[in-house]
Each structure stands twice: as structure tokens, then as C-alpha cells.
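So the sequences go chain by chain: P and V. Heads up: the first sequence begins at 518 in the numbering used here, then just goes up one per residue. Heads up: the second sequence begins at 58 in the numbering used here, then just goes up one per residue.
If you're looking for bench data, these hints aren't it; they were derived computationally from the structure. Being a predicted model, the structure only gives us computed values, none of them experimental. The beta-carbon is built from N, C-alpha and C at its ideal position, and this holds for glycine as well. You may find that some hints are simply not true.
One side only, chain P facing chain V, incomplete, derived with CB under 10 Å [stated by the list, open to error]: (1) Phe548; (2) Lys570; (3) Phe605.
Computed footprint of chain P on chain V, listed as stretches where at least three residues anywhere in the stretch have a Cβ under 8 Å from a Cβ of chain P [unchecked claim]: (4) 185-192; (5) 197-204.
Chain by chain, the residues run as shown.
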Amino acid sequence: MQPKNEITTETRDAATLLRIKGDVTVFSEPFLKEAYLGATRQGANRILLVFDKESYINSGGIAVLIQILAEARKRSQVVGITGLSEHFKKIFNMVGITKFAKIYGSVEEGLSAMASAG
Amino acid sequence: MQICSCYVFEGISDAQLGRLSGILREIRVGAGRWLFQEGDNGEAFYVLLEGAVEKVTLVEPGFELPISILRAPGECLGVSALVPPHVYSLSARCVEDSVLQAFDRAELEQLIRDDYLLGFNIMKNLAAYLLQRLNETRGELKVHFRTILQFTH
Chain P
518 MQPKNEITTE TRDAATLLRI KGDVTVFSEP FLKEAYLGAT RQGANRILLV FDKESYINSG
578 GIAVLIQILA EARKRSQVVG ITGLSEHFKK IFNMVGITKF AKIYGSVEEG LSAMASAG
Chain V
58 MQICSCYVFE GISDAQLGRL SGILREIRVG AGRWLFQEGD NGEAFYVLLE GAVEKVTLVE
118 PGFELPISIL RAPGECLGVS ALVPPHVYSL SARCVEDSVL QAFDRAELEQ LIRDDYLLGF
178 NIMKNLAAYL LQRLNETRGE LKVHFRTILQ FTH
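Can you build the whole structure from these sequences, using the hints too?
Written out as C-alpha cells, the structure is:
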């Protein structure tokens, strides 16, 4: 049985937070896409992806995230990421996700930086 | 020692499980230690009892791609040892102090030579698992290509 991701959406400081629980794999695609497209339909142009520090993000999960980031770039949305463990910050840096989305140390840091990004 | 229930041994009789328990070794591996590395000869396969083990593959020197993390008792790793060319296709590292049951390939092969039905069941279970992994990998490829299409169209 494939695991489901629980993703909650919240609006704060003109940004939309997508809080993602559970491991992120290729099976997360429908959940992440639905959450992202739902936020987009609501007019979100600043999106902060908030991961659970215990979450494991495998190669499939990374692929899904890159797909969403590519779509966000086409829509000129600003995307930030927070909640990653040091292990995954390093991996995200290595695969170049930081070219599409900045990684922040906390939700507050992300919201503050994204607000001043305009 | 009782065998931890895992998909590789599904459908196997109590008598067969008894013989398998005769060849298992319980091992303890500390956090941060490698259980095996990609490309090593596959001398054993393992069933997790406690702890957590991460499976990774080396993309280029210094960059390991995360494949999965095993946390639940009964999760298996090192099944490449059971299939020619008996070379581990991924690396496995304990991310917590872990306890595993190890099954030596040579001893398992001997049990299978003595009981082909045991071998049939193990391979049937392994084939189902590998098909699932293949489908997952195909799903991942599709995601990559959808991303590529976003840039090329």
C-alpha cells in the first residue's frame, strides 16, 4: 500500500504555506500537485514548502519537487523551502534545487525573506 | 531464534521457517556504519529488526542519491545477493543503531538445493517486490520527462 502525504495549506503574510507530512516519494506526486495547484488557483504567488524534519525525501520525491518548482517558475511564483534536516539541505543543494527555490532555516525566516523579495 | 516476518518469506511453511532460522545470525550495526556498499559482492541479505537503514546510490563522487529508508521491522535489504550476479546494487547505511537478521547467501542456497519449493516461494516473493520497485522507478522516470517537456515545449 502506498503511503499518503498529509498536506495542510495556510496563508500567512501574503504567502501560502504548504505543510507536508510524511516521506516524500514518487507516490507523493498527486498530493503535492493537488496542494500546489489548489494554492495556485487561490492566487498564491509566494509559496513556502514546509517539510517535517523527520521526513525522508528520496530520488522520486526530489523529482516531484523539481517538477513543481519548474511549473512555479513558469508562473513566476516565488517558492521557498524550510523544515529540511541538514542531510537533505545538502542533497537539495547538490541537485541544484536551490536554483529554483531558496532554502530557509525556519518558517519565520522564509516568510520574512519572501515578503521582502517582492 | 525466531525469523522476523518479511515479504521474502511470505507463504513459507513452518518447517521451512524452522530451517531458515537455523542459518540466521543476529547482528548489531552502529549508527553511521555501512552495512554494505554498492558494487560489493552480495554475501548475505538482511531483515531489519530494530533501528533504521538508509539505501543510497552513488551518482558521482561525493553525491549519494537517497533511494529509501527502512524503519519497520521486517523490511529487507541486500536482496541483490539472492540474484545473479550477486552484487549489491545499492549501498546501505545505518542511520540509527540497528539490529538485523542476516542470512548468508551460500547457506541459503544450500537450503534451496535441498528444498526447491522454498526457493520457488522466495523467488516468487522477490519477483513481486522487484516488479513493484520497477514500477516505482518508471513512475519516477515519467516525472523527470514531464519536467523536461516543460522546458522543451
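So, going through the hints one by one against the coordinates:
1. Phe548: violated (13 Å)
2. Lys570: Violated. Min distance 13 Å.
3. Phe605: With Cβ-Cβ at 8 Å, under 10 Å, it holds.
4. 185-192: It is violated, with 0 qualifying residues against the three required.
5. 197-204: As far as the segment 197-204 of chain V goes, the hint holds, because 5 residues have Cβ atoms under 8 Å from chain P.
When each numbered hint is compared with the structure, violations occur for hints 1, 2 and 4.
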